[in-house]
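All chains should be built: construct the whole structure from the sequences, respecting the hints.
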Amino acid sequence: MVTETQQRLDETHAAAAPVIEVRELVKVYKGGTRAVDGVSFTVAEGEFFGFLGPNGAGKTTTIRILATLLRPTSGSAKVSGIDVLAHPGEVRREVGFAMQTVAVDPLATGRENLELIGRLRRVPASELQGRIDELLVLMKLTESQKKVVGTYSGGMKRRLDLATALLHRPKVLFLDEPTEGLDPQSRNALWEELESVNRSGTTMFLTTHYMEEADRLCKRIAIVDEGKIVVEGTPAELKRTVGNDVVELQLEADSPNELERQRSGIGRMLEGFEPVAEIKSSPAGVQLYVSDAAAAIPELVRRLDGDGIRIGALTMHQPSLDDVFMRYTGKTIREEQANVHFTGWY
Amino acid sequence: MIGVAYETFLLGRRAFLRWARVPGNWISTLFFPLIQLVLFSQLFKDIIQLPGFKESSYLAYLAPGQIVFAVFLGVSWVGINLLMDYHNGYLDKLRVTPINRISILFGEMVPLFVTCAMMAAVILVTSLALGASLVTGIPGALGILALSGLFGIAWAGTSFVPALITKNEQAAGSLSLLFFPLAFMSTAFVPVERMPGWLQVVNNWNPISYVIEAQRALMSTGFDAGLIGKALLAMAILFIVTQAATIWAFRRLTA
Ligand SMILES: Nc1ncnc2c1ncn2[C@@H]1O[C@H](COP(=O)(O)OP(=O)(O)O)[C@@H](O)[C@H]1O
Ligand SMILES: [Mg+2]
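Protein sequence lines correspond, in order, to chains S and B.
At position 213 of the first sequence the residue is numbered 213 (my numbering), and the sequence of numbers has no breaks.
My numbering runs 346 ahead of the 1-based position in the second sequence.
Since the hints were derived computationally from the structure, they do not count as laboratory data.
Hints may contain errors.
Derived BS3-like pairs (lysine-lysine); straight-line CA-CA distance at most 27 Å [what the hints assert, rightly or not]: (1) S:K171 to S:K157; (2) S:K78 to S:K171; (3) S:K157 to B:K513; (4) S:K239 to S:K228; (5) S:K78 to S:K219; (6) B:K513 to S:K30.
Take a look at the structure:
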């Protein structure tokens, strides 16, 4: 499905001064789950790099290995030039990690949370209070700094957690699903904060299963699925590999068999129809990659008239990262949408 | 070394505040010993006339036992705090900082000296108010509080080990109940002379009794180097066993 050239769309991007270097990383959990299955990538200094993939793809496992919380089964990883297995203590000095589950002390105040981590990280006493004030402003927590964290909202806890990861001005910031569970406003606000952290020179490594998030924040993305990197590149490059506009046909079918029959019918009927570059099955129908879709659609619909093809809905859009994911894995990122609606009431 | 001490101080202060900020911690720990102190000293007032008791009143006999009982209860569940940090990710957050990992455990253990001494002080003051005596005065009182603090740290392993091994709050809580009979089989309520033979044998191996006996001497008879020495030895042995097991379980959890 994926050719060699597509695999490494942009080896040149990460060529200068790698801050994260991962080689053939493998993690097999007790019980046999191959959570990470031979992952290699590099991230350059100052880059905003993202892992985009569905739940269970191995994102958390990878990021925990890089943050020295988990030992890989095989392979190697260097952060800031330091081997995570050989010198985990030194790696910990260089990195900050905001974990998928927010970890703050609910019985202490916001400021106390920051003071404790700052002191444990040996932020000099002369700088600590000023640094805390600065981060409280950045994370918009100045007002609530003296309140016990147990009373904070989810978004406030996330921001406090992020602030604790930034206290020591880490070279590299690891972010595991940083906006999971946030409402859209908090998410947008946090995106801006993350961008400003990156602008100040921090190398960012983010994992997410929200394609909008990867699209908005990351300069470069690796799409991961089942422990492997499927494809890697800038969001724009990746979307270009999909190339054409995406036309999604949702089909009305009463059974999986019927759906399959219509899919192959469509394949036959569109054979030789120039503008359609590629046809893929999608969970509720087919996706067509079409050049200049707006012009091609009338003829396309005419061709699909008859032979029991029942089109419930036709939608058309510019390629998104979701389409990229679909193209390389045959699945949508949100599996919860992946196996629904054979009856198509749309 | 200095690093570990500093980190232990920082994490210990957090553990102490976490404890002090929830009044339920105080109340639930002190409730039973206080009830037993007030109620039993009245209910069983006349038991003092039986042979084996050397004290002037059952209250005087009972008080040191209840001090130790409070410490015992106070540390019965402490392992669960570390387990909560493990489950909610705070332990991982600490593990990503470049601290010595053992500081995390010490940070939970060391403040127990303070909290246990404080709870011991409440029971001690209450018993004095009820009419118990303290023949060794302030130095003796400090000795009692110090013994209580040391006992608290040593005994805490009985809570940490099941918590860290099972990784389950419920299981850890119910396993600590297994240690309750030891408190009742000690000399907290009756002197060893009043115990059936088999219990006397058990009692020889019960570290709780040694702590109680030393404290009782401090309250009713005076500085007894022999009893204090035995209490310190019993605690040293207990300490080595429980701490070794705790450190092993902690390393296993955070490996
Ligand atoms: N501690 C663990 N023990 C066993 N299997 C695990 C453990 N953690 C994660 N897994 C499994 O490894 C796979 C990858 O998980 P994870 O790295 O959490 O993925 P993601 O973060 O992309 O959702 C999943 O199948 C998950 O069930
Ligand atoms: Mg995850």
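### Query
Checked against the structure, which of the hints given earlier come out wrong?
none
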